[in-house]
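**Q** The lines below spell out each chain.
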Amino acid sequence: MNRFRRRGPVAVIVMAAGVSLLGLVPLGYVVFTAVVTGGPTLAALVFRPRVAELLGNTAGLVVITVPLCAMVGVAAAWLVERSNLWGARVFGVLLVVPLAIPAFVNSYGWVSAVPSLNGIWSGVLIAGLSYFPLVYLPVAAALRRLDPSVEESAASLGVAPFAVFLRVVLPQLRLPILGGSLIIGLHLLSEYGAFAMIRFDTFTTAIVDQFRSTFDGPAANALAGVLVLICLVLLVGESGARGGARYARIGSGAARPSARRALGAFAPAAQLLVSGLVILSVGVPIASIGRWLVQGGVAGWSDRYLADALAQTIGYALVGAVVTCILAFPIALLAVRFPGRVVRVLESITYITSSLPGLVTALAFVAVAIRLVPTLYQTSVLVVAVYLLMFLPRAIVNLRSGLAQVPPGIEEAARSLGRHPVVAFSTVTLRFVLPSAVAGAALVFLGIVTELTSTLLLAPNGTRTLAIQFWSRVNEIDYVGAAPYAALMILLSLPVTYLLFARSRTDRKVVNGL
Amino acid sequence: MRRTEPGDVELRAIGKSYGGTPVLDSIDLTVPAGSKTVIVGSSGSGKTTLLRLLSGFDFPDAGTIRIGKDTVAGPGVAIPAHRRGIGHVSQDGALFPHLTVRDNVAFGLDRHQRSERMTTVSELLELVSLDAGLADRRPDELSGGQQQRVALARAMARKPRVMLLDEPFSSLDTGLRSATRDLVSEALSAAGITTVLVTHDRAEALTFGDQVAMLRDGRLAQVGTPTAMYSMPTDLATARFLGDVIVIEALASGGRVECALGIVAQSTSLDGPCLAMFRPEQLRVGRLTAGADDGGCIARIIGLEYQGATRLLTLDVPGSVPLEVPVTGDTRYLVGDRVSLRPTTEAVIFPTGRAGASSPTP
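Protein sequences appear in the order of chains A and B.
End of the first sequence = 514 in the working numbering, gap-free, step of one.
End of the second sequence = 362 in the working numbering, gap-free, step of one.
In short, the hints are calculated from the structure, not lab data.
This one's a predicted model, so the numbers in the text were calculated from it and none came from an experiment.
Heads up, some of the hints might be wrong.
Claimed, not checked - Listed next, the stretches of chain A that the computed footprint assigns to chain B, with coverage defined by at least 3 CB atoms under 8 Å from CB atoms of chain B: (1) 136-150; (2) 156-170.
To be verified - Some chain B residues judged to face chain A by a derived CB distance under 10 Å, without partners named: (3) Gly76; (4) Asp92; (5) Phe107; (6) Gly108; (7) Gly145; (8) Ser185; (9) Ala187; (10) Gly272.
Just so it is clear, CB atoms sit at the ideal spot from N, CA and C, and this is done for glycine as well.
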C-alpha cells in the first residue's frame, strides 16, 4: 500500500512507460541504422558536397529566420501590449492568425503572388511570416504579466524609457523569447512543403526526395541522422541558454495593468510595421487563395474528392486527438501526483521525440513496421501512432496544468464521504480536468489537420486528407484545384487558433509543445 | 539631474481624476526639506495616486508640484520620473528579479559611479543593516523585510532629493514591520533625505513622521504634527482613524460642554447637542472608597473582558450608553462593582450628525 502511494498505481506506470518507450523508436532507429551501415559507408554518405550544401542551407535558414522572428515577435508584442498603437486589440488577434495557415499553404499563397520566389531569402520570408507568432504569443502573454512597479522602480532610479526596456523588460522576457525561438527552430528543421514549393533544399526536403526515389535507403537514413543531431544541438543550446533562470515576480502585490506608452513621432512607423506584418502573413496567402477560388468558381468546389478529404481529415484528427489525450493522461497524472526522477525522464523522452522532425519518426516507423510487424505497414494505425508521438506534449502540457489546478482536498473530501478512490478520481478530478483535456485535444487536432510530411510518407494508398490532396494538386500545378483544400484547412484551424489566443491571455507557456 | 541636497516639496491645488471620477481634489501640502511626512488614509482615499503624482508615474490634471527649485508638474510642465531625482520604494519593493542584490542596488548608478560600486553597494547595504554576504543573492532568495531594505538601499544609492515610500512595510509580518520601519526611519534621518510615506497603518502614521496628512475621499482632512493629530483631531473620522475613541453624547451651552461625565470642556463655539471624544487612556477608572470623592461620576461594571495586559470594562454610566474603558494594573474588578469614572483632560468636541461623525473606523 505504501509503495502504491509513493509511486502511483502500477497500471498507470506501465501505460506511461509504454507510451514513453514507444517514443524511443525514432532515436533508436537512427542509431541502429548508423551502426548497421558502418563507419566508412556512413562517412561516405555524410561527408560529401551535397550534405555540406544542405547543411549550409538549413543552418543559414535557422540562423537568419530565428533572430528575425524573435525581433519581429517582441516588437509586435510590445506595440500591441504596451503602446498606444491604434487598433491594438484587433491587431492582438490578427497577429495570431498566421498560426491557422500551415506554412506550406502560406508558401503556396506567396508563390501564387510572386512566382519567381526561390532561394534562402524566400525561405526566410515565408517561414518567418508563418512562425513569428510563436514568439509573439508567449512574449505578449509575459508582457501582460510583468509587474509594472518593477519598471517604475527603474524609472525612479533615473533610467530613461528605452534603457528601461533594454535593462529591465527584455531580460524578463528571456524565457518566452528562448522558448518561442526553439519551437521556431524545430519547425524550420522539420518543414517540408513550404520549402519544396520554392525549390529551396533543406535536410528535410532532401530526405523526402531520397526516400521517394530509394525507399528506406541508407542515404536517407544518414541524412536523417544528421538532422536529428542538429535538432539535439538546438534543444541542448536552448536549455543551456535558459540556464537556472527563474524570473518569477517576487512580490504579492495586486497586478495592475501597465500604462501604455505614447508612440509620438514613431506612431506611423509602428502602425506600418504591424499592419505590414498582418498584410504579408495573412493578407497575401488569403488573397491568393481567394483569387484561385474566384477563378475556380462554383466548379472548383465540385471536386469529387473534396468531401471525402474533409471527412478523412476530421476522422484522422479526431481519432488522433482522442488517442493522444488518453495516452498522455498516465504521464501527466504521474508528473503531477507522483513527481520523481523516473517520471521526469519519461516526460522528457516524449518532448525530445516530438521535437524530432515528424519525417524522422515516420521513416523509423515505416522501417520498423516493415521489419517487425509488416501487417501494420500501410495502415492508418501507423499514421495515428506517428501523430501520437509528434503531438503528445501538446496533450501532456494541457493535462498537467489541468490536473495541477484540481484542489487535492476535493478528491479527498469525496473519499471521506465514502467514495472508492477510483470513483472519487473519475467523478471529481476528471470533471475538473475535462476543459484542459479538450484544449489539449484541440491542439492535437490542429496539428494533425495541418500535417503534411509524415502523412505523405505513411498514409495507406487511397488516403486523401486535405493536406495530401492539396499537395498533389499543387504538384500537378493545379493551383486553382488546390485552393478549396487550402481554404478548408484554414477554416478548420481557425477556431483552435482562437482558442490558443484566448489561453494566451492567462497562460504564459501557451506555445509549449507546439 | 542627480541632486545631493535634500529639497522641499510643495503641492498646490492638485486635482486628478480617472475616467471622470475625481480621485484628488485641491490638495495643498508642503513638506519641508529634510523632514518626514506621512500621508495616511484608508484604501481608495487617493493616497497612492498622490504619491504617484509626486513620483512622476502620473501627472495631475490641475495644480503644480515643486521639488526643490524645480516645478516638476503643472501647466505645460510634466517631468517624468527618471528626471525628477527621486527615490521610490513600492509596496513589495519591486526589485529586478533578474539581477542580484548588488546589481539591483547599483542599478541607478552611472558608469563613473559604477567603478566604485563595490564600496558604494557595501556602504548602502550597511546603511540598511543588511549583511554584505547577501550581495550575490537573487531577490527571490531574500525575506520580505530584506527585500524592502534592498529596495531602500537601491533608492538611496542615487542620493535622491526626495524619498517616496508607498506602503513599504505593509507586506511584512507585524514584528518585522515595526523593526524595519524604525530602521528605515533612522537611515533616512541619518541621510537627511526629505521623505514622504504613504500608509493606512495608524501606528506607522504616528511614529514615522514629523508631519501627518490625513487624506479622505481625495481631500486633505487635516495636516499637523503626530501629537496634534492624535490629541486634537478636527473631525471624528480622523480621530477614529488614528486611535481608539470613546464618544459620549453631550450638550453645549454658553461655551461649556456637559455630558454624563460632568462638564468636559470649558470653551466651545458650538451650541446644543454635540459629541465629546476621549482617548481611552484619558478616562481614569477608580475604586469607590467610602467618604472620598475624586470628582468623577459613578458607574457600574456590566461587562469585563480579559485582554492580557489590560481588561476592558463595559461601564453603565447614568445618562449615557454603556462605555468601554480599558484598565491596567488593578485586576480585582468584578462585574457588578461600582466604580468612579473621571476624565483626566478636556474632551475634544465635535458637532453631531456631521457626515464624518458616524463613519465607521477602517
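**Q** Now look at each hint and say whether the structure bears it out.
**A** Verification of the hints:
Figure legend: the stretch 136-150 of chain A, annotated as covered by chain B; annotation consistent (3 residues with Cβ-Cβ distances under 8 Å, at least 3 required). Here's how the stretch 156-170 of chain A fares: 9 of its residues keep a CB closer than 8 Å to some CB of chain B, so the rule of at least three is met and the hint holds. Nearest Cβ of chain A to the Cβ of Gly76 (chain B): about 17 Å, over the 10 Å cut. The hint is violated. Interface restraint check for Asp92 (chain B): the shortest CB-CB distance to chain A comes to about 2 Å, inside 10 Å, so the restraint holds.
This hint holds: Phe107 (chain B) has a C-beta 6 Å from the nearest C-beta of chain A, less than the 10 Å allowed. Because the beta carbon of Gly108 (chain B) sits about 3 Å from the nearest beta carbon in chain A, less than 10 Å, this interface hint is met. At about 13 Å, the closest approach between the beta carbon of Gly145 (chain B) and any beta carbon in chain A exceeds 10 Å, and the interface hint on this residue is violated. For Ser185 (chain B), the interface hint is violated, since its Cβ never comes within 10 Å of a Cβ in chain A; the closest pair sits about 20 Å apart.
Taking 10 Å as the C-beta cut-off, the interface hint given for Ala187 (chain B) is violated, the closest approach to chain A being about 17 Å. With 10 Å as the threshold, the beta carbon of Gly272 (chain B) stays out of range of chain A, its nearest partner Cβ sitting at about 46 Å, so the hint is violated.
In the structure shown, a violation is registered for the earlier hints numbered 3, 7, 8, 9, 10, in ascending order.
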